[in-house]
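Chemist: The primary structure of each chain is shown beneath.
Protein chains: 6
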Amino acid sequence: MKLKLGLPKGSLQEATFALFARAGFSIKVSSRSYQPVIDDDTIDPILLRPQEIPIYLADGVIDAGLTGADWIADSGAQVHEICELRYSKLTNNPIRVVLAVHQDSPVQGPKDLEGKRIATEYVRLTERYLSEHKTQAHVEFSWGACEVKVPSLVDAIVVNTETGNSLRAHNLRIVDTLLTSTTRFVASRQAMEDDWKREKVESLEILLTGAMNAAKLVGLKMNLPMAQKEEILGILPSLKNPTLSPLADADWIAAEVILSEREVRDLIPRLKRAGATGLVEYPLNKVIY
Amino acid sequence: MKLKLGLPKGSLQEATFALFARAGFSIKVSSRSYQPVIDDDTIDPILLRPQEIPIYLADGVIDAGLTGADWIADSGAQVHEICELRYSKLTNNPIRVVLAVHQDSPVQGPKDLEGKRIATEYVRLTERYLSEHKTQAHVEFSWGACEVKVPSLVDAIVVNTETGNSLRAHNLRIVDTLLTSTTRFVASRQAMEDDWKREKVESLEILLTGAMNAAKLVGLKMNLPMAQKEEILGILPSLKNPTLSPLADADWIAAEVILSEREVRDLIPRLKRAGATGLVEYPLNKVIY
Amino acid sequence: MKLKLGLPKGSLQEATFALFARAGFSIKVSSRSYQPVIDDDTIDPILLRPQEIPIYLADGVIDAGLTGADWIADSGAQVHEICELRYSKLTNNPIRVVLAVHQDSPVQGPKDLEGKRIATEYVRLTERYLSEHKTQAHVEFSWGACEVKVPSLVDAIVVNTETGNSLRAHNLRIVDTLLTSTTRFVASRQAMEDDWKREKVESLEILLTGAMNAAKLVGLKMNLPMAQKEEILGILPSLKNPTLSPLADADWIAAEVILSEREVRDLIPRLKRAGATGLVEYPLNKVIY
Amino acid sequence: MKLKLGLPKGSLQEATFALFARAGFSIKVSSRSYQPVIDDDTIDPILLRPQEIPIYLADGVIDAGLTGADWIADSGAQVHEICELRYSKLTNNPIRVVLAVHQDSPVQGPKDLEGKRIATEYVRLTERYLSEHKTQAHVEFSWGACEVKVPSLVDAIVVNTETGNSLRAHNLRIVDTLLTSTTRFVASRQAMEDDWKREKVESLEILLTGAMNAAKLVGLKMNLPMAQKEEILGILPSLKNPTLSPLADADWIAAEVILSEREVRDLIPRLKRAGATGLVEYPLNKVIY
Amino acid sequence: MKLKLGLPKGSLQEATFALFARAGFSIKVSSRSYQPVIDDDTIDPILLRPQEIPIYLADGVIDAGLTGADWIADSGAQVHEICELRYSKLTNNPIRVVLAVHQDSPVQGPKDLEGKRIATEYVRLTERYLSEHKTQAHVEFSWGACEVKVPSLVDAIVVNTETGNSLRAHNLRIVDTLLTSTTRFVASRQAMEDDWKREKVESLEILLTGAMNAAKLVGLKMNLPMAQKEEILGILPSLKNPTLSPLADADWIAAEVILSEREVRDLIPRLKRAGATGLVEYPLNKVIY
Amino acid sequence: MKLKLGLPKGSLQEATFALFARAGFSIKVSSRSYQPVIDDDTIDPILLRPQEIPIYLADGVIDAGLTGADWIADSGAQVHEICELRYSKLTNNPIRVVLAVHQDSPVQGPKDLEGKRIATEYVRLTERYLSEHKTQAHVEFSWGACEVKVPSLVDAIVVNTETGNSLRAHNLRIVDTLLTSTTRFVASRQAMEDDWKREKVESLEILLTGAMNAAKLVGLKMNLPMAQKEEILGILPSLKNPTLSPLADADWIAAEVILSEREVRDLIPRLKRAGATGLVEYPLNKVIY
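Protein chains in written order, with my numbering: chain A, 1 to 289; chain B, 290 to 578; chain C, 579 to 867; chain D, 868 to 1156; chain E, 1157 to 1445; chain F, 1446 to 1734.
It should be emphasised that the hints constitute simulated quantities derived from the structure, not laboratory data.
Errors might be hidden in some of the hints.
Derived lysine-lysine pairs resembling DSSO-like cross-links, with alpha carbons at most 27 Å apart [as the list claims (entries may be wrong)]:
hint	chain 1	residue 1	chain 2	residue 2
1	B	K317	B	K291
2	E	K1158	F	K1717
3	E	K1428	B	K505
4	B	K317	E	K1372
Far from chain B, some chain F residues (derived; all Cβ distances over 12 Å) [stated by the list, open to error]:
hint	residue
5	G1521
6	T1622
7	M1637
8	R1715
Where a beta carbon is used, it is the ideal one built from N, C-alpha and C, also for glycine.
Go ahead and model the full structure; you've got the sequences and the hints to work with.
Modeler: This is the structure in structure tokens:
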């Protein structure tokens, strides 16, 4: 029994392999075979373009996969979403699928596209968008690099963007946002009806989200004088539940807590000023609440 | 008046820019704008995927372009072919568009594809091929990298190949060759009806073919003793017409001839043995017969 | 008093330096001097070809070293083996020393080598192998790259291989395996008779094996409800002895255990389902049982 | 309210960004804008040459910064030193500002410079040094790379050096050391009189020194049999205060201690021989005593 | 007797070495010594910052050098200019020294700088410029990278720019151009009064300008039918004097001419249409009129 | 019929391929097969260590090859030398095989080696050298990198050196030079007795030496006024025989001559001063006298 797993080729590939590595799975792509190899005999991985993953899932050709919400929406495919995994190539911010035109174009909104030529990798999404705005336009499929086609070949494009840098570099202006998208872990309906595959998918979910959490979290240990224990613990965010353990010296107690990297840099100076000693911050691999 | 010229992005891009450089045109792509810049005010260049060039030519959106015969055939577009330019990314050999299956597949010919699943970037070409062989199969568009899909996702693929290395590395076997293809310089029908554009296209043809020729040719000068003149000239290929010029010393005559690199390495030892002296081989930029 | 330590140059060098770094020793090779520098005043390191290390150990010129079991065997040298260290350049799998011939060669076993020409870096090992099989052949020393010599210069080769990729790329076929080999930490007999050197060698053994262990292990902490304590602990591999410590809240107990990366990814989902909370996995530098 | 923070451009830049990363702050420099971006809204970072930081601090144009003690001394500027941070580009050793001459120069001490030509980036420091030695010489400012100017253009140079490699490579000899320098975290006087800025500077000090400490320290856990507890703890350096915690099994006690990487490699073999078991060494992010 | 020659370090270095190579001089910088080595025993080369070259020339410390007209002007030094060499790091266009402010700054001209703070590497040039415009401002020396200082540290900068890209990337606006500058070959007054040095400098001028010319020129040979000789030669630019030589066949004449790459691509199609045959274009190393 | 040609692997490989390319033969090594491919069906190339080439030639296993005179001498093999080809990895200077010891060693000449330990790749050459000097020493084979073994493992080494840099970097001192060596084109005795092979080898010699010559030579054309013809031609080196051809204008004559790059840079200024005009220097591919 094997889980056929579609992995996104291209801009997300490196980040995906790194996430699996932190989750405990080594994936390698030999330059001789191009077929990824994973150190888990019950997983059969295959690298596919993110666009293709929803389609092969809907057909049941693969069991599960990672792809963007944008491509799921464009495909219109029926897939089972397991969880969101907020990572992307640069910033971990969501990407946006936008309608863009040249800086100097008169187009200000979807209505102005009537009769225009639009290039996009998101043909179905764009057609649904135009239809919602009761606008008729010529939508043509473009193999990436839509930006260079404006304005000499087309009037507008629908593309994804993470930072907007590429649009600015081509003197393009964003007119509207069709979609905000993050990476999703998805499964086929058929796989979710199979007990073994569903449990395998859920175990992967636990490990992947555990590894996602840990990337932003650290462990913090410290010793507290019994006298100021309550005061110092009061500094910690109320939802964080520190593990308290007795020390050989009964005047002191050990506290250990998991915090985000952002919190810890604000808390360490405050905890130290309040009397905590021996503060030690250490890295984590996975955190499962 | 400008000639809108489509240049092929991707694997042919570097070789194309190098050919134009030898023809006397500097093309640069700034990393900030992605728009190529050419040092000729009468040309407006645009980088496009080779697949897109025949389509934009047929629509008259661009005037001329360089692309593969394979994409012209797949598009079915009506374009005006100016000349063949035999260069490609690796070997200067033609590429082939082939039907391939897994080493262990029972498929031996097009008839065996009945009811099978085929992934390809050449959807129309594949459908025409199947129809010629009166075979029905499911043809799906694939964004490149078809090789990894056999046999887990599809039964066969139609892909281009220059050396066959990638097919072998994936344990694939070639079943049939649909097409042999080289790069072509093509123009739109509209452009050929405009006097200025047609003359510009023809001037480009002279310079591009002149630069293509020169890449394989060298110049060879030598001094011949009058006595052995006829004998030595008899060694040269009969179609090559050497330029003979008198020397100050009337017992000798200077000969100069354009030869291919392959010929010259066989001829130099023979010419020397026959009495030619002062043999000097020099590089060429362009040769126009 | 210093320990003269031979380090293997070449394919194992980077992995060896990385292992020492995890064991707490920084080794650097300045591009100006080629002499490695270690941050331990009692060690005098020298980079040598792995083949040379057994020979210099047998002569007592160096005190200890890291090299492959294959070279120890080929040298026939008398050395004291301290421990095995299973790491290699690519896979951490043992390498094999094999007899290989061209795909199309009629040779099927050692007997078929009678009168043939064999190129190898393992001259003595090959001669012993032939003598065990009562076969006579011409064995010639080759400075690496034996693969290209078959079949134009020699009939067979004896080479080491980790993945078999290089053999396959040269159309070679493995006929027999002479030896399976891993890296060894070895000392000279003279060094083991000196109290200070023997203790130094043993301390290095503790740190190197501690670092080897840690590369595959992680720490896992979790909180267990007292009620399900036995049931949850029952999930852990029976040989793993978790450290249990009381918590301030007496209904819960903290457990901490060292597990391999492979185990932990199977256990985390099961522990979570069984009621463990606050599971935190963290990286380790060294583990000494 | 923002803290204007000067970061040293050039050879210290990468090490500085790495130190901030370990302290919990991500600093990035986009290749498009050259302006560093930090993930803390209350810090306004700016990259400056280390030479410029003391001057802008003295003018109150920036609030705090990291720069070398050498440039602070050369500037003669009045700045408030917060703490020393011992890191540098190569070795973490202090750099030295030295007076150097050609191998064959007759100059043996500062007195021999009378009437000579000296090139340096440290014009004021050099002039103060000459004046202390009651010597007159021509001091000229040089934009780096002073080494190549000796002896053809100048007689001596005053430069900084970490390893002396560049001086040796130019056949230069060190005559005297003017200054030994490490990196300093410094603030302007104006910033230290502002409550918010002073507290921000002090919080940064805690996090930066915590991260500096951790780079050399590791955590070590082990289980001790109650019977040998005192003996084993006696092996630890007397200033290190281990955290002792009870175990479920009362015959054993858990000990945890923070040690330097150098100490730990000597202690692990001794602790193991004395009866400690389950020794586990783990990495740390920050240590605040 | 040697000519002490200052070569510009930094952005012009690679282009300068390439120009000397085409002129017939190999200059190498060994990574071990940083001293350039030239294959001419009568030249003693030294790498210096372009800013320093005019100063050392004025002092007579070096005999000749290559540097920018901008640095000559800034230095105010008395040097003898031999010739202009129009090459630069990117475009072969002149660089400009400009006054720039932030996009949103109210500054529109030099008069608006009254009382402002200006950072620059061109301190003297900027002070002369302000004085010509009867404006008082604080001019501070900046070690490069002035762009990042606007507007947080200074109000305006004076910097050089070739394409304006860096200014745009920092949101800066050009207010005025102080100077347009190209590279110059310059000599000291003392060197020009020495017969040997002056002749050496002039020989270098011939070879450097010969190599500069050749970079833009090509040779073109062709055979002309006697009948159309005048007509075809009329196509050539009137200032170009073709070399005509008789051929063995008296009905034809050989013509050879040196043309710029730009001209040749326009002329080849016209010459061919007019009856010229056997057109061969070849590269040149040096052209001296 | 094929010529089996041994090409030297390693430091000479790139320079050898470049020389063949200039001679008109393209040699490529695919990363998949490691077998070189040449575009001449009558040559069968094989990459071998330079040390192995003389041995395989003496056995008649290969027909011809390129290797160093040092390895021919060390092998003591009987081979037929065709010609010297003076190129090497760095400087085109001959390499030297030297005896070297540590800076501080008492060894001053071969006699001082009595009873010492010597590491070398040239075992036979070293033994012959010792025997000529009637000295007994222990000579051990070393797989390259002999330099690091002095003085800790051996007393002296015999190694090749081109610039002496590596010896200096290891604090070694040259005691004696055993041999000066350049690259040689050699053939087996058997091949020279076969008519086809001997002619093939001689053709290769013509092309390889033609390409070697051209690397240092250039062509120079100029027009001379008839009046100063003799005077100007007198400037040219007496052995150079210029080709003179009449011009259409009888007052002038065209001269063309092949010169070395070194000569041409001295002659161009002198020719110009003497009245030559239209001097044009162009590159050459091959020159066969």
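Chemist: Between K1158 of chain E and K1717 of chain F, is the straight-line Cα distance small enough, at 27 Å or below?
Modeler: holds (23 Å)
Chemist: Taking only the CA atoms, is the gap from K317 of chain B to K1372 of chain E under or equal to 27 Å?
Modeler: OK: K317 of chain B and K1372 of chain E at ~17 Å, within 27 Å.
Chemist: The output says R1715 of chain F does not contact chain B. Does that hold with a beta carbon cutoff of 12 Å?
Modeler: Given that every Cβ of chain B is farther than 12 Å from that of R1715 of chain F, nearest at about 22 Å, it holds.
Chemist: Can we trust that T1622 of chain F is non-interface, i.e. its beta-carbon lies farther than 12 Å from all of chain B?
Modeler: About 37 Å separates T1622 of chain F from the closest Cβ of chain B, which puts it past 12 Å; holds.
Chemist: Does the claim that G1521 of chain F lies off the interface hold, with its Cβ farther than 12 Å from every Cβ of chain B?
Modeler: The claim holds: G1521 of chain F sits with its nearest Cβ about 33 Å from chain B, beyond 12 Å.
Chemist: Given the hinted pair K1428 of chain E and K505 of chain B, is their alpha-carbon gap at most 27 Å?
Modeler: holds (21 Å)
Chemist: Take a quick look at M1637 of chain F and tell me if its Cβ sits farther than 12 Å from every Cβ on chain B, holds or violated.
Modeler: Holds: least Cβ distance 17 Å, greater than 12 Å.
Chemist: Are the Cα positions of K317 of chain B and K291 of chain B separated by 27 Å at most?
Modeler: holds (18 Å)
Taken one by one, the earlier hints all hold for this structure without exception.
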